[in-house]
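In order, the protein sequences belong to chains G and E. Taken in order, the first sequence gives residues 4 to 331; the numbers are from our numbering. Taken in order, the second sequence gives residues 4 to 331; the numbers are from our numbering.
Hints are computed from structural coordinates only; laboratory data are not their basis. Among the hints, erroneous ones may be present.
Since the list gives no way to pick out one identical chain from another, each pair is judged satisfied if it fits inside one copy or across any two copies.
The list that follows gives simulated cross-link-like pairs (lysine-lysine, DSBU-like), each with its CA atoms no further than 30 Å apart [claimed, not checked]:
hint: 1; residue 1: K201; residue 2: K234
hint: 2; residue 1: K281; residue 2: K201
hint: 3; residue 1: K234; residue 2: K281
Number of protein chains: 2
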Amino acid sequence: MTVNTEGSVARVAVMGAGAVGSYFGGMLARSGVHVTFITRPAHAVAIRANGLFMDTLTFKERVTVECATDASGVKDAEFVLFSVKTLDIEDAARAIAPHLAPGAIVVSLQNGVDNVARIRAASGIDAIPAVVYVAAAIPEPGRIKHSGRGELIIGDFPGSAHAQDPQPTRTGRVAALFTGAGVPCKVSDNIEADLWTKMVMNCAGNPITAIAQTSYGHAARNPETRELMRKVIEESVAVARASGVRLPDVDMAEAGLKLAETLGEATSSTAQDLARGKRTEIDSLNGYIVRRGAELGIATPVNFALHALVKMIEQGAERRGKPAGSAS
Amino acid sequence: MTVNTEGSVARVAVMGAGAVGSYFGGMLARSGVHVTFITRPAHAVAIRANGLFMDTLTFKERVTVECATDASGVKDAEFVLFSVKTLDIEDAARAIAPHLAPGAIVVSLQNGVDNVARIRAASGIDAIPAVVYVAAAIPEPGRIKHSGRGELIIGDFPGSAHAQDPQPTRTGRVAALFTGAGVPCKVSDNIEADLWTKMVMNCAGNPITAIAQTSYGHAARNPETRELMRKVIEESVAVARASGVRLPDVDMAEAGLKLAETLGEATSSTAQDLARGKRTEIDSLNGYIVRRGAELGIATPVNFALHALVKMIEQGAERRGKPAGSAS
Numbered sequence: 004m005t006v007n008t009e010g011s012v013a014r015v016a017v018m019g020a021g022a023v024g025s026y027f028g029g030m031l032a033r034s035g036v037h038v039t040f041i042t043r044p045a046h047a048v049a050i051r052a053n054g055l056f057m058d059t060l061t062f063k064e065r066v067t068v069e070c071a072t073d074a075s076g077v078k079d080a081e082f083v084l085f086s087v088k089t090l091d092i093e094d095a096a097r098a099i100a101p102h103l104a105p106g107a108i109v110v111s112l113q114n115g116v117d118n119v120a121r122i123r124a125a126s127g128i129d130a131i132p133a134v135v136y137v138a139a140a141i142p143e144p145g146r147i148k149h150s151g152r153g154e155l156i157i158g159d160f161p162g163s164a165h166a167q168d169p170q171p172t173r174t175g176r177v178a179a180l181f182t183g184a185g186v187p188c189k190v191s192d193n194i195e196a197d198l199w200t201k202m203v204m205n206c207a208g209n210p211i212t213a214i215a216q217t218s219y220g221h222a223a224r225n226p227e228t229r230e231l232m233r234k235v236i237e238e239s240v241a242v243a244r245a246s247g248v249r250l251p252d253v254d255m256a257e258a259g260l261k262l263a264e265t266l267g268e269a270t271s272s273t274a275q276d277l278a279r280g281k282r283t284e285i286d287s288l289n290g291y292i293v294r295r296g297a298e299l300g301i302a303t304p305v306n307f308a309l310h311a312l313v314k315m316i317e318q319g320a321e322r323r324g325k326p327a328g329s330a331s
Numbered sequence: 004m005t006v007n008t009e010g011s012v013a014r015v016a017v018m019g020a021g022a023v024g025s026y027f028g029g030m031l032a033r034s035g036v037h038v039t040f041i042t043r044p045a046h047a048v049a050i051r052a053n054g055l056f057m058d059t060l061t062f063k064e065r066v067t068v069e070c071a072t073d074a075s076g077v078k079d080a081e082f083v084l085f086s087v088k089t090l091d092i093e094d095a096a097r098a099i100a101p102h103l104a105p106g107a108i109v110v111s112l113q114n115g116v117d118n119v120a121r122i123r124a125a126s127g128i129d130a131i132p133a134v135v136y137v138a139a140a141i142p143e144p145g146r147i148k149h150s151g152r153g154e155l156i157i158g159d160f161p162g163s164a165h166a167q168d169p170q171p172t173r174t175g176r177v178a179a180l181f182t183g184a185g186v187p188c189k190v191s192d193n194i195e196a197d198l199w200t201k202m203v204m205n206c207a208g209n210p211i212t213a214i215a216q217t218s219y220g221h222a223a224r225n226p227e228t229r230e231l232m233r234k235v236i237e238e239s240v241a242v243a244r245a246s247g248v249r250l251p252d253v254d255m256a257e258a259g260l261k262l263a264e265t266l267g268e269a270t271s272s273t274a275q276d277l278a279r280g281k282r283t284e285i286d287s288l289n290g291y292i293v294r295r296g297a298e299l300g301i302a303t304p305v306n307f308a309l310h311a312l313v314k315m316i317e318q319g320a321e322r323r324g325k326p327a328g329s330a331s
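For reference, chain G alone in the conformation it holds in the complex (with noise of 0.2 Å):
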């Protein structure tokens, strides 16, 4: 069981338990953490019922978690895991800080490179950043399915505030936390370089898994879309270097396709996200790198591309063309 450093129960909310927030808050209320969702009614209605079934790679198993559908939710908790999709982080950012504890840690479990600046300009919370590696779904409310991976990277930006806190600092009380629960959360002293590898990765993955609907894996195993996938970041790494972001020394698009690798036979959220006809965090990954490589004047054709034809199909089927009629 994970204690605090009062030596009680520790207490975590996971604000937009989906299957990322649900799968890091679920592991944490196996180890015996005081976990609450806030969630979707549906979740939440299972939840309460049946308490949040676990399908893992290593268990499967039944844990007890509250859940709240308002973000009010969030009072009592020490730490609060911010899971929103990035198309909800102002409103959610908004929502939590009236009702947070103080001295309560918000740590940003999300997909990009500029959400806890996102979240600071709107609700003035200092959340810390982090890496998430993990492959889960939820494929019916209350269930909480895993096929890979389950690891987290934290760590302060180098100018923050934080980053000369005295022992036991607080990535280090958040890594405790993770720890404790069988959860691997390495901290980073680079964490802007660790949120970029997974970005460009995330940038050449996502679009085109959802464009295609195939797998991780296979993307980058086609001949054609792996060369895409190569120029996709090496447009963002450009971009990176020119925001000042210290990459390692190692050929990252080799590295990004590695990594696509690894998620094999997995799909991308965004890929999910199309398949279900709702709306996908884009804007946050290829869209990201046009707008800023449009302000420090660097070319990306390729982002653009990846962007405007998610865009597009996201915007649905009611538009769709008549299949009757073909133009050669």
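Fit chain E to the given chain G structure using the hints.
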């Protein structure tokens, strides 16, 4: 009734009577021309039983055409409309070459800009290039559904041995054949520019309508894909100009977008091919731009992206990702 220079009924064969070949061949047959389709067995069986049913914007009528299922069907033709998919150019050209009557005129009714060169390289046949504007489909064997336009532009290339032919020139004879059947057919003195004008619109519209399964009109009106189409056209025009094509001195991107808008709710042949799980002509469209751009040192990243995505989707559903696993 259209007659040939000897005063008898003209004889036409259509090599590859898909939607385009069936529309133009059907129009000729309706005007009294003797037309033979070389086509797939199912289409041939249906036409032999009940004729070709033409459901057009201006009439619905059964017309009589003969059918053959192998290339010897061209043997008596004075004119051969060559309208196989660009994937099959070499095989089809080699197949008809030994059967062509002396003086037979072959007209390539195909998308792309290098068909005449490919036909010549494969078979020695000196075909006339045609730019085809028609929205047509074969909803079921034996039936052609016409939903927009229906005109041709033909012309011999500047360096062609036929450029100085005495009257009636071969292009003049082809134009007379079609106009006699009520099909507008212009003879151009800059056919390369006309081929490329259609080509750049196809490069912009076909992959996007295929990937998003939407119409030309929607793709051209949607702000994101409109901008994407503009970028495709700009890259493609740069390749055309570097190839020495004398394009008209207009904003080709604006012209291409307007052209896409005129096609309205029609979708592309590429979109239809993908929807039916068939191979597309994308290697002759964006694939050609990428290859030619590489030869000329012109960057074509957006064409590259669209080509790679269509190829990936074309390779089919059998390797698609499992829906259960999402890796954010």
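Honestly, which of those hints from before does the structure not fit? Checked against the structure, no hint fails, so every one of them is satisfied.
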